[in-house]
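> Spelled out from the first residue to the last, the chains are:
There are 2 protein chains.
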Amino acid sequence: MPITPYVALDLQQLEKNVRGMTNKLTLQGIEHWPHVKTHKSIELAKFEIECGAKGITCATLQEATVMAKGGINNILLAYPMVGVEKCQQFVQLAKLANIRTIVDSLQGAEQLSNAATNENLIIDIYIAIDYGAHREGIQLEDLESFALKIKKYTGLNIIGVFTYAGTIYQYTTEPEIRKAAKAEADLLLLCAQRLRAIGIDIQRTSGGSTLSSFYAEELKGITESRAGNFIFGDMNAIYAGIYTPKDCALTIRTSVVSIPIKGYATVDAGTKTLTSDQSAEAGYGYIVEEPNIKLVKLNEEHGYLRYDPETIELKIGDVLNIIPNHSCVIPNLTNKIYALNNNELDHIIIPNARY
Amino acid sequence: MPITPYVALDLQQLEKNVRGMTNKLTLQGIEHWPHVKTHKSIELAKFEIECGAKGITCATLQEATVMAKGGINNILLAYPMVGVEKCQQFVQLAKLANIRTIVDSLQGAEQLSNAATNENLIIDIYIAIDYGAHREGIQLEDLESFALKIKKYTGLNIIGVFTYAGTIYQYTTEPEIRKAAKAEADLLLLCAQRLRAIGIDIQRTSGGSTLSSFYAEELKGITESRAGNFIFGDMNAIYAGIYTPKDCALTIRTSVVSIPIKGYATVDAGTKTLTSDQSAEAGYGYIVEEPNIKLVKLNEEHGYLRYDPETIELKIGDVLNIIPNHSCVIPNLTNKIYALNNNELDHIIIPNARY
Chain F
0 MPITPYVALD LQQLEKNVRG MTNKLTLQGI EHWPHVKTHK SIELAKFEIE
50 CGAKGITCAT LQEATVMAKG GINNILLAYP MVGVEKCQQF VQLAKLANIR
100 TIVDSLQGAE QLSNAATNEN LIIDIYIAID YGAHREGIQL EDLESFALKI
150 KKYTGLNIIG VFTYAGTIYQ YTTEPEIRKA AKAEADLLLL CAQRLRAIGI
200 DIQRTSGGST LSSFYAEELK GITESRAGNF IFGDMNAIYA GIYTPKDCAL
250 TIRTSVVSIP IKGYATVDAG TKTLTSDQSA EAGYGYIVEE PNIKLVKLNE
300 EHGYLRYDPE TIELKIGDVL NIIPNHSCVI PNLTNKIYAL NNNELDHIII
350 PNARY
Chain U
0 MPITPYVALD LQQLEKNVRG MTNKLTLQGI EHWPHVKTHK SIELAKFEIE
50 CGAKGITCAT LQEATVMAKG GINNILLAYP MVGVEKCQQF VQLAKLANIR
100 TIVDSLQGAE QLSNAATNEN LIIDIYIAID YGAHREGIQL EDLESFALKI
150 KKYTGLNIIG VFTYAGTIYQ YTTEPEIRKA AKAEADLLLL CAQRLRAIGI
200 DIQRTSGGST LSSFYAEELK GITESRAGNF IFGDMNAIYA GIYTPKDCAL
250 TIRTSVVSIP IKGYATVDAG TKTLTSDQSA EAGYGYIVEE PNIKLVKLNE
300 EHGYLRYDPE TIELKIGDVL NIIPNHSCVI PNLTNKIYAL NNNELDHIII
350 PNARY
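So the protein lines, in turn, are chains F and U. The first sequence maps to residues 0 to 354 in numbering that gives the first Met the number 0. The second sequence maps to residues 0 to 354 in numbering that gives the first Met the number 0.
In short, the hints are calculated from the structure, not lab data. Any given hint could turn out to be false.
[What the hints assert, rightly or not] Derived CB-CB ranges, DEER-like: (1) S144(U) <-> N291(F): 28 to 36 Å; (2) K45(U) <-> E173(F): 56 to 64 Å; (3) L344(U) <-> T171(F): 43 to 51 Å; (4) E288(U) <-> K151(F): 27 to 35 Å; (5) N291(U) <-> D307(F): 41 to 49 Å; (6) L95(U) <-> L105(F): 53 to 61 Å; (7) I197(U) <-> Q11(F): 52 to 60 Å; (8) G69(U) <-> N291(F): 39 to 47 Å; (9) T172(F) <-> D185(U): 52 to 60 Å; (10) M0(U) <-> D185(F): 39 to 47 Å; (11) P308(U) <-> E312(F): 46 to 54 Å.
Just so you know, even glycine gets a beta-carbon here, dropped at the ideal spot from N, CA and C.
Only chain F is shown next, with the shape it has when bound in the complex (with noise of 0.2 Å):
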């Protein structure tokens, strides 16, 4: 095995997680989209693939490039193209597979028609809703004068409308989450209806998130949904109530290097390594072997442990793993993430697209 810290991906619960996410999705007859911005691996998103995934979703267009060149051919590239050479290099991707994208702008409509005009090609879009966020998004009242410009726009055609309700994420009950995701849905087949109402024809829905596909009942009629972080699972899945430690397929492995008085540890993962993503609660992981550990700070390298030394024993060189807060940051810090099979390293993966 590597030299701590290193990434630890669970091969079996990786599967599990692919397909149990995969077969909800499927039961409600929506199209599975996973987001790889959470794993960035051309293996791991042709294997959601494999498992049954439509296509996938990427959050740059240096990630959809990767995935491109690696021979994926349905992406939906979640993100606004904006300024002449990214819309330059999307249409130039767009020769190379079947891949759409998100328009909320004039200014970024125009700038992708014209290097879609150039080269001869038309470019699928959605219409991007703002769900609340204001993240991107145009507002709801403006939707059918928005459409009804960028249908004028050579080179474009719009195919759905796409929305990020990111705002589930701020609820933990199993009622708050399930209602949320479906005014996710009725927001999505309301603009579509809307727009199909003057005459732009709608064939495709974007939504979802791993919290709401997880509930994929409440989703049901939109016809794709973009869910990342599930392949993994995390703090913020487990808080969220639809994971348990055990159901996440990712860990960082982790030794105590140094124990400068009783009950203060320290180990060889820090913010290089976990990132100093927040979760709903303290901490900056959960430690597997004994979550009574906390791990209440971070510097670059180093992981700060607090625990009871009346009833904990730790030693220098002891192996923990931790669960991050946010696994789809981890991969992005890593050349190589470990791949186990029943606990023996199988091989390693690369995280492809890393910037």
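Take the given structure of chain F and dock chain U to it, following the hints.
Coordinates of chain U only, in the frame set by chain F:
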């Protein structure tokens, strides 16, 4: 220029920062051993040495390995080596370069001693002292007894004492920071004196951080300082009063990609570019072009800007420069740093020691 987001480095300001810090330390007779965790680049480490640094400091065995193979000779690995594999790898590295490390446990010392003895090598070590953060280091009352135990291990040669006074980062006024820097030097000199008194030949006293090294006259008497962050600067240095925005050599170039409602814009830099590291004041970075635009929240690839639309105009596609809260985490997130000479792309710097 590349598509956004990307990391830009002003070469003129970089040189000012490096020469400024080296001169401050050299004037006080203190050797500069800059911490390369900040940039992870062989090129920048060599530049620091060209400007007068006597060696470099690394945070991980991986960093030290890359730097030694890159041709740098004097390396302090400021991390306790623990575990048979790490100690063996460290000892192999000692064949390539003049490399030393810190010790704060008998277990680590024994493993390093075994590895060194097996290879007939002598490893220079520093005794690490806990300055109060309880991250690593032995307690002051154990100093002599611990050192005498370590002295018995074959293959290890105690050359110095070491501390990391990270507690200095709680201070924001010059008198407080100066007092903390003086206290740090005093502690190291006291420890050296106590060990000399029992017959251990302490030649080196290693301390320092960007904050204490900025007031190098307070550190006078120690042999070396390990500032890291000074090379780039960041909001932490600004809030501590030692840098202004114009002193910061490293910025993140980002584009406005969405303006969902008035006064709410989104840029294409998120936690995967900036990390979620916090600073002394609210927000995730400083917008150089217009400090009244606040970066209030990050998702992975989205930064949320808030501003007064009555007084500030932002357009889709506008490019902004962000000074990050904490520059030491930025090169760890990218394959390329774009070095600018008078604001024109000069060349690309690779953070080679990225994990």
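> Would you mind marking each hint as holding or not holding in the structure?
Hint by hint, here is what the structure shows:
| no. | hint | result |
| --- | --- | --- |
| 1 | S144(U) <-> N291(F): 28 to 36 Å | 31 Å, holds |
| 2 | K45(U) <-> E173(F): 56 to 64 Å | 57 Å, holds |
| 3 | L344(U) <-> T171(F): 43 to 51 Å | 47 Å, holds |
| 4 | E288(U) <-> K151(F): 27 to 35 Å | 33 Å, holds |
| 5 | N291(U) <-> D307(F): 41 to 49 Å | 48 Å, holds |
| 6 | L95(U) <-> L105(F): 53 to 61 Å | 58 Å, holds |
| 7 | I197(U) <-> Q11(F): 52 to 60 Å | 56 Å, holds |
| 8 | G69(U) <-> N291(F): 39 to 47 Å | 43 Å, holds |
| 9 | T172(F) <-> D185(U): 52 to 60 Å | 55 Å, holds |
| 10 | M0(U) <-> D185(F): 39 to 47 Å | 43 Å, holds |
| 11 | P308(U) <-> E312(F): 46 to 54 Å | 59 Å, violated |
Going through the hint list in order, the structure does not satisfy hint 11, though it satisfies all others.
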